[in-house]
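Asker: The primary structure of each chain is shown beneath.
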Amino acid sequence: MTAVQTCPECEDEVQIGHAERLNDIIECAGCRAELEIVALNPPVLALAPEVEEDWGE
Amino acid sequence: MIRVAVVGAAGYIGGELLRLLVGHPEVEVVAAVSSSFPGKRVDGVHPNLRSATDLLFCSADEVGECDVAFLALSHRTAMTQIDRWMAVAKQVFDLTGDFRLDDPEVYQRYYGAAHAAPALLADFVPGIPELHRERLRSAGLISMPGCMAMAGVLALHPLVARDLVEPVAQLDARTGSSGSGATASAANLHAIRSGAMRVFAPTRHRHEVEISRHIGIPVAMTATGVEAVRGVQTVCHTTLRPGVDKLKVRRAFREQYRHEPFVRLVAHQRGNYRYPEPKILLGSNFCDVGFAVDEEAGRLVTIAALDNLMKGGAGNAVQCLNIRMGWPEGLGLSFPGLHPI
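Residue numbers (our numbering), protein chains in the order written: chain A, 1 to 57; chain B, 1 to 341.
Isolated chain B, as found in the complex:
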C-alpha cells in the first residue's frame, strides 16, 4: 500500500480523486487537505462517499511524509505551493493548469500572469498515457492535462502523427458545469447557466495551446458551456491531405489505440450513439473517439468525448498513478458508465 494525500480535496476533482482512491486496493488515503473545511468530515462535502470513508479534512500543515501528493488546487495556487509538496511526497501529480506548458512566456500569454516556478516547467511529464507512457513509468512530477485538451489531443494525434491532415485544426469544445469548479460565482448561478449554450471562450481558450504543444500543429479552439454537469465533447475540423480516405483515417485510429485500455473508436453505422457521446461515459475513465469524412470536400470531422472529472481529470490521474507504480493500468477504474442516464 502506498500513502497518498489529496490537496484541494473539497473541490470536484478532489472529490473524484477521493472516490477513486479510497476504493483503490493499493492505496491508503492519509490526508484530504482543504483550507476551507479542516476538521470536517469528507462525506459532508462529498455525500457520495458516505460509508466509504470516515476521513476528516485536514490543513496542509498536518500532512507528514507520503508517497504521492495529488494537487487538485485552483489554478495559480499549485505553482506557489509546489516546493512544499515536493518536500513531503516522493511523487507529485498536479491537476491544475500550472505545469501544463513548458514555456513560461507562453504560459504568461495564455494565463495572464508570470509563472511562479518557471524552472520546474520542463521537469513535469505530461499525464497523457497514450503519448508518454514510458516517461510516466519513472516520473517524479506529473502534470495532468486539461479536460478539453485531453479530448482534443486524443482526437487529433493519430492523424497528425501520420501526416493525414493539413497542419491546422479548428476545435469546437462543449463542457458541463463541473469543469468550472466548486467555487460559486455569478456566472455559475443556476438562473444564468440553466438552459444556456454559452460560448464562454470563442477564441484563445487555454487548452488550445496545450493541444498544439502535444500534437505539433496550430489549433484554434472555441469552448461552450452546455446543459450538463459532467462531460466534455470536442468536435475537430481538419482538411485531409490529398489521397487520404476514410479507410486510412480508420486505420490510423485503430492502429494508434488498439492496445489502449481507455480509448475506444466509436464511428458506428447503427445504434443510438454512433459518435462519441459524453453522457454514457459519466463516471468512467473512457475517452471515445470517432470521425466522419466528406471525401468530396476533403473534410474530416473528428469527435472525442469523456467525463471531464474522470479521463479529463481524476480518473486519468489514477491511470497515471497505476502506470507509475507498475500496477495494472485499469486498477480501480473498471466502472463502465451508465445507460440509460
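Okay, chain A solo, but in the shape it has when bound:
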C-alpha cells in the first residue's frame, strides 16, 4: 500500500511505498529535498539535514 504525503519543504506530493521503514530517507521529486520518515502510522516526513553549496570562499 502506497501512502501519499506532502513534502514539508515544497508541498509536492511524495509517495511512501509499502517497503519504506522508520528513518528511511526518500527524495522529493519537486524540490529534491531528502526527507526522513519519522513516523509510519500515519506516515510523517521531516526534512533531513542538507549540505549547502559554497563556491565563493
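If you are wondering where the hints come from, they were derived from the structure by calculation, not from laboratory data.
Do not take every clue at face value.
What the hints assert, rightly or not - Think about it this way: if two alpha-carbon atoms lie no more than 16 Å apart in a straight line, the pair counts; the simulated EDC-like pairs of lysine to aspartate or glutamate are: (1) K246(B) / D163(B); (2) K279(B) / E227(B); (3) K248(B) / D163(B); (4) K246(B) / D12(A); (5) K246(B) / E296(B); (6) K246(B) / E11(A); (7) K248(B) / E11(A); (8) K248(B) / D12(A); (9) K248(B) / E295(B); (10) K90(B) / D123(B); (11) K40(B) / E62(B); (12) K40(B) / D54(B).
Unchecked claim - Derived Cβ-Cβ restraints for the label pairs, each shown as a range: (13) A3(A) / L338(B): 31 to 39 Å; (14) D54(B) / T2(A): 50 to 58 Å; (15) I25(A) / R251(B): 19 to 27 Å.
Note that the Cβ used here is the ideal one computed from N, Cα and C, for glycine as well.
Assemble the complex: chain A is given as a structure, and chain B must be docked to it using the hints.
Answerer: Leaving out everything else, chain B in the frame of chain A:
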C-alpha cells in the same frame, strides 16, 4: 508540409532555425536567404548541418510565395523589409528587435532611431507562448522576444501577476557571446572577450523595457557578457509583499507553469545545479526558473536560464510555429540538452 523561408540564414539565429527546421517533420525549408553568401552551400557556413541539407543560400529576390518567413536579420533591417516579406509569406515571424515594443516613441528612446513601420507595431503578437498562447494560434505577424527578456519575463511574471512582490524589479543578466551575432567587431575579438566578465550594459539595456511591457512593472536591468558561447541567466531581485513566504512563491511558479512544456521549476535542495544553469540547457528549448527567499529581509531572488539561440530565439520561434499551425507544441524540439558539457 508547409514551405518556409529563413531570411538572414547565415547568422547564428538563422543557423539555429535551419538546424531545427530541416529536421522538422512538417516543414520544408524552401529558401535560406543570405545577402553575404548567395549561391554558397548552407553547410559551408553552418558545418553542423553537413549531410542534413544540401540547401544553397539564395538572395531575397529569388524567394517565391511561401507559408512562413522567419526574419533573423540584424536589428533595424526587418522593419525596412517587412512589406516585402508580408507580401511573400502568409505568416511572418520576426526574430529581430524591430517589433518587440508597441510604442514607437519608446522604441526610439531605447533603440536610438525612429521606427520605419510604426503602424505595424500593434499588429505583432509577442512570441511568448506562456503569456499569449491563444493569440498565437491565429497570428499573422509574430515578434519573438529578446533572449534576456524571455528569461526575465518567465522569472517574474508569476509573481507580479499574483501581486506577491512590490512593483519594481532589478535584473542582472549574463549572456554568452553568440548573443552578439555573427558579425565580427573589435569588441568581440577573442583577446578582448575571453576570460572577461564584461558589464556591457549597466543601465537601460533594451530588454528591460520589453520585460516591463510584458509584466507590467518597472524593471532596471544590467547585462554582462561572460565566458560562454551560448546561454543566458537572469537573476532578478524583488521585495516580497508582507505575508508572502517561500511556499506562496513556489505555489505561484507551480501553478503558472504546471502545464507548460518548456518551463521547469528548479529550486532544489540537493544536486549540483540547484538553481537554473544555462550550461545543461544548451541546444534544448527549456527555460528553467527557480527562486530563493530571505524571509527575514523580505527579499526574493528569482533565477531563469535558457539557451539564447533556442528558448531565447530559434527554438521559441519553432514552438510558436507549432502553436500557430496546430501541431504538437514540442514537435522538432525534443532535444533535452547535454550533461556533462
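Asker: Next, verify each hint and record whether it holds.
Answerer: Taking the hints in turn, this is what the structure says about them:
Distance check on the hinted pair: K246(B) and D163(B) sit about 14 Å apart at the alpha-carbon level, within 16 Å; holds. About 11 Å separates the Cα atoms of K279(B) and E227(B), which keeps this hinted pair within 16 Å; it holds. Of the pairs offered as hints, the one joining K248(B) and D163(B) holds, with about 11 Å between alpha carbons and a cut-off of 16 Å not exceeded. Restraint check for K246(B) and D12(A): satisfied, since their Cα atoms lie roughly 13 Å apart, inside the 16 Å limit.
For the proposed pair K246(B) and E296(B), the alpha carbon gap of about 11 Å is at most 16 Å, so the pair holds. A hinted pair counts as satisfied when its Cα atoms are at most 16 Å apart, and K246(B) with E11(A) qualifies at roughly 11 Å. Using a Cα cut-off of 16 Å, the hinted pair K248(B) and E11(A) holds, with the two alpha carbons roughly 10 Å apart. For the proposed pair K248(B) and D12(A), the alpha carbon gap of about 13 Å is at most 16 Å, so the pair holds.
Between K248(B) and E295(B) the CA atoms are separated by roughly 12 Å; this keeps the pair inside 16 Å, and the hint holds. With a CA separation close to 14 Å, the supplied pair K90(B) and D123(B) stays within the 16 Å bound. The straight-line distance between the Cα atoms of K40(B) and E62(B) is roughly 14 Å, inside the 16 Å bound, and the hint therefore holds. A hinted pair counts as satisfied when its Cα atoms are at most 16 Å apart, and K40(B) with D54(B) qualifies at roughly 10 Å.
For A3(A) and L338(B), the hinted distance range of 31 to 39 Å is satisfied, since their beta carbons lie about 37 Å from each other. A C-beta distance of roughly 55 Å is found between D54(B) and T2(A), which places it inside the suggested range of 50 to 58 Å. Between I25(A) and R251(B) the CB atoms are about 25 Å apart, so this pair conforms to the stated range of 19 to 27 Å.
The structure is consistent with each of the numbered hints, conforming to all of them.
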